[in-house]
Amino acid sequence: MRGLLSKKSIFLFILLIAAFALPNFLKNKFYMNIVIMVIFYAALSGSWNILAGYAGQLSLGHSIFFGLGAYTSTLLLVKMGVSPWLGIIAALIMSMAVGALIGYPAFRLKGPFFTLATLAFSEVIRYIASFWKELTNGAMGINIPFKPGLATMMFRTKEPYYFIALGMLLLIILITFFIDRSKMGSYFIAIRENEDAAEVLGIPITRYKMYSMLISSGLAALTGVFYAQYILFIEPEAVFNINFSSQIALMSIIGGMGTIFGPIVGAVLLVPLNEIMRSAFSSLNGLNFFIYGIVLIIVVSWMPNGILPTITNQVKKRGLKVSTDRKGAGKIDTAN
Amino acid sequence: MRKVKSVLALVLVIMLVFLSGCGSGGSQSASGGSQSASGGGETLKIGAIYPFTGGAALLGDESFRGAELAVKLRNQKGGVAGGKKIELSKADSPDANAAQSQANRLISQENIQLIIGSYSSALSMAASEVAERNGVVYWELGAISDPITDRGYKYVFRTNPTSSQFAQSEIGFIKEVVPAKLGKNLTDLKIALVHEDSLYGTTVAGFIEKYAKEEKLNVVTNQAYNMNSVDLSSVILNLKKAQPDVVIAVSYLNDAILLTRQSKELGFDVPVFIGSGGGHTMTDFQKALGADANGILNADFPQYEINKSFTPGLDEFVKLYQDTYGTAPRSGHSVTNFMGMNVLLNIIDQVGSLDPDKIQAAARSYKLEPGKSETGWGVEFNDKGQNKLGKAYVTQWTDGKLVTVWPKEAAVQEPKLPLLKWSERK
Amino acid sequence: MGEIIQVLISGILVGGIYALISMGLNLILGVVRIINFAHGEFLMLAMYLSFFLYSVWGLDPYVSALLVVLILFVFGLFIQRIIIQPILNTSATVKIFVTLGLSIALQNFALMLWRADFRSVHTAYQTAVINVGTVAVSIPRLIAFIVAIIVALGMYLFLNKTLVGKAIRAVAMEKRAAALMGINVKRIYLLAFAIGSAIVGLAGALLIPIYYVFPTVGTLFVLISFVVVVLGGMGSMLGAFLGGIIIGLVEAIAGVVIAPGLKEAVYFIIFILVLLFRPSGLFSLGKGSEEVGLK
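Chains as they are written, first to last, in the numbering used here: chain A, 1262 to 1597; chain B, 2 to 427; chain C, 184 to 478.
Everything labelled a hint here was simulated from the structure, so no lab data went into it. Glycine included, each C-beta is placed from N, C-alpha and C at the ideal position. It is possible that some hints are incorrect.
Claimed, not checked - Quick list of in silico lysine-lysine cross-link-like pairs, DSS-like style, CA-CA up to 25 Å: (1) A:1290 x B:368; (2) B:427 x B:385; (3) B:309 x B:211; (4) A:1371 x C:358; (5) B:6 x A:1578; (6) A:1394 x A:1340; (7) B:359 x A:1290; (8) B:155 x B:182; (9) B:155 x A:1394; (10) B:241 x B:185; (11) B:155 x A:1408; (12) C:344 x B:6; (13) B:182 x B:242; (14) A:1408 x B:385; (15) B:182 x A:1340; (16) B:191 x B:176; (17) A:1394 x B:288; (18) B:417 x A:1290; (19) B:176 x B:368; (20) B:368 x A:1288; (21) B:359 x B:182; (22) A:1394 x B:211; (23) B:417 x B:46; (24) A:1419 x B:368; (25) B:217 x B:176; (26) B:242 x B:288; (27) B:6 x A:1577.
As the list claims (entries may be wrong) - Computed footprint of chain B on chain A, listed as stretches where at least three residues anywhere in the stretch have a Cβ under 8 Å from a Cβ of chain B: (28) 1288-1300; (29) 1305-1317; (30) 1383-1395; (31) 1455-1468; (32) 1486-1494.
What the hints assert, rightly or not - To list a few chain C residues with every Cβ distance to chain B over 10 Å, as calculated: (33) 194; (34) 235; (35) 296; (36) 305; (37) 357; (38) 360; (39) 368; (40) 403.
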């Protein structure tokens, strides 16, 4: 625990070096693609985790911010030739502005009602994006012409994408880390655990909910820009998708909501699993997702806190000394 | 108890990872390659990207069946290039993201050099992008969105017609046939467009509107709706107000049935109703509507009541389909994929391997006259890989069957126009 | 003029269908306090049942409705006991994602067993209409509408006049106090969930002559029913009924006045506005939404 030399920080440091060295060993494009998707989802889910895991605002409309980021930078690139690197700034502003607009009214709602409102916002934005053809090209989506180069954030090989995604993820981990250790993080958790009590204690809850929304939506926009440049094709149906939003949430939930590394654990497990499930059991259409659904029910109801807190609890019980990144995450399941 | 359960859940997750690993290993031999054991020759593996789950599963599966049958038939007849068997490796891709990663998987995991697909244009765009960048041939058998082959990629080919070719066929039919049948001038005809607002509907309707304008046709209204709508009464009331002579619809199955039922309920009669493939040509459309489907026209892939001398091999296909799956084909998607797959198999036969460069070179010089394939289409690829000789045929629902009525060389009967009123359809 | 009336009539009739689907969800949400994302799949199963009773035994959907309702009642009991009961004391997150898992599993269960084909029944009255002047009224939709009224009234009487109904309301309002009064809360949850499923079973039986069934049909209806429930006021049967009618009307009018492509967006916007300005719903008694029971 003390300083940089604790066991844990050495472990994390080794992990980081391994992450930077990985492309030198991994030449297979399929695995590379999966690794990039894992990092991408971990980052996106990590951004959701700040709003939902820490501040307890269970949003199922996170794809709004992701999609706005993707659309903002893409439209700037395709229509005005603005580099996506600059587009990131516009995407951040756009996404945070919409986040504030949604959050301002929606934060008055509690529990499931907030969740339903985010679902509705997500649907409204999808319909508008499909309908407003002059701006978004409607359902036909936008095909980004492939012009490789650093300025256009498009590359022939996967390695540059890998490093951009990794940088994004590190940024999100760092921000989460600081939130976790700061007063702001404690306020978030106080709001999550008991909003009324937090208010009585003098925490300006709406303001702090808004902070979490701004950070969360901004970071999601970042991943949106990356996604657009990686896939080179965006359409409303794919980016403003409720199922996609619940996928994002699921990674954090399985990994451990309200923990720094939960989203990463979730993404590491779920992304490859999804990939494998798609090609597995191909003899009977639907069997793969049927199993997926059943496992989802069992895992979520038997392990409501997610994998990371469950493991650390187990380890702790055996009397081993392991520091955790959890702050009251174990209590989520008693909150009603 | 709680603790025990959470440990169990953890074990379950780990087991699942292993289980699906085994599953994916086993699936390759299970799919499509039932005859691969015989012959003793080499097996050539082709990736097949289709949506087998999710909302597009029905037509995705129907499309795949066509390709699967073509392979089965060819393997029964001794394979390609002197006894080599073909095997299809199925890759379920319910959305564009999945298509993208499945294409990556097929190419780098299974070392596949040739991918077919995909029914859905969004999947096709994503998968073909990956194929092109990896120098692997992507052979589209059923998606109709124009941009797939507009990009001018080296390794992307498509045998079926595009949405602009669909739109041209529809406008061509209206020009040639409708004025005489209704006794009106072409430019006096009031044409209404109604389409679902996702990629498919928007693209086809966009081309129809464009060509209609070029021909100076009078488009009186253009109604877009969401395909997941469960009530289309407002669309129909808007149409009713416009009093069109011709309605052109671009719909999926769900909305096509709803549109027809609600038109009847609300008493919206129109002299000419043309669907643009999609839902309007599915057997399930007819099953749901019964006699009410009668008279509805369609511009789509070839159907099964067609001039058989123009489509050699079609009867054989229908019989094979019936024997294999126990039902008649559910739409023209299967035969369209079957025809395209046969063209591809012929090319593989010539080349003798799946080498992408040889295949793409052979494809560019491959030629087939119209009237010599199961769909009647000829084959000649333009420099962007699009087959120039594919076209949509106009068919009409007649007593539960889609009968080809246009163009003349494929037709088996005259179109019956104007349509009967709802109350008179039996 | 006839046109305006036609728009209104069509809207109201669709609203009846929405109401029917939503009333079951309303009971589940109001009493068991669970957002059941698998509600659409319950509807799908009911429609398949209805379809198979028709195609195998030739039973008219209106005749077999009773059987479908019974089966769905038992199915509801089963799901509540096996899946929902163990997670009752967990967070909202767990509840949402468990029902989401159930939804995925049921959808793909249907895909495995019955493939993706669209199934529909054929009855003589299927597209029959009554013409009043220039206005057309679809008979199966009218039947569904009338049944929706009957169900709304029946549920109102059941919840207000019978002992069991009063117990359900008591649990919905304050489950701790109800438990202290000697009400078996778990059993009430079971009952409420089962009745909720039974009502959606009825909705499925009435919908199959109008609509058709395929594995993902539930996804078309599930969001609408959330909207209706919140709009009408959680736990209020009359609210769910009126909420359904309002959404039906809004959709029909927006489709004609604005654009068909935006009609769904319009009701989602109304939904958001209601959430913001009257989160307890239009027809509840104005308490904070989480405290609202069956009034």
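A quick look at each hint next to the structure:
no. : hint            : result
1   : A:1290 x B:368  : 35 Å, violated
2   : B:427 x B:385   : 47 Å, violated
3   : B:309 x B:211   : 33 Å, violated
4   : A:1371 x C:358  : 19 Å, holds
5   : B:6 x A:1578    : 16 Å, holds
6   : A:1394 x A:1340 : 14 Å, holds
7   : B:359 x A:1290  : 23 Å, holds
8   : B:155 x B:182   : 45 Å, violated
9   : B:155 x A:1394  : 30 Å, violated
10  : B:241 x B:185   : 20 Å, holds
11  : B:155 x A:1408  : 17 Å, holds
12  : C:344 x B:6     : 42 Å, violated
13  : B:182 x B:242   : 23 Å, holds
14  : A:1408 x B:385  : 19 Å, holds
15  : B:182 x A:1340  : 47 Å, violated
16  : B:191 x B:176   : 13 Å, holds
17  : A:1394 x B:288  : 35 Å, violated
18  : B:417 x A:1290  : 56 Å, violated
19  : B:176 x B:368   : 30 Å, violated
20  : B:368 x A:1288  : 39 Å, violated
21  : B:359 x B:182   : 50 Å, violated
22  : A:1394 x B:211  : 16 Å, holds
23  : B:417 x B:46    : 47 Å, violated
24  : A:1419 x B:368  : 38 Å, violated
25  : B:217 x B:176   : 11 Å, holds
26  : B:242 x B:288   : 30 Å, violated
27  : B:6 x A:1577    : 17 Å, holds
28  : 1288-1300       : holds (count 7)
29  : 1305-1317       : violated (count 0)
30  : 1383-1395       : holds (count 4)
31  : 1455-1468       : violated (count 0)
32  : 1486-1494       : holds (count 3)
33  : 194             : 7 Å, violated
34  : 235             : 15 Å, holds
35  : 296             : 13 Å, holds
36  : 305             : 6 Å, violated
37  : 357             : 27 Å, holds
38  : 360             : 27 Å, holds
39  : 368             : 20 Å, holds
40  : 403             : 5 Å, violated
Violation of the numbered hints given earlier is confined to hints 1, 2, 3, 8, 9, 12, 15, 17, 18, 19, 20, 21, 23, 24, 26, 29, 31, 33, 36 and 40; the remaining hints are satisfied by the structure.
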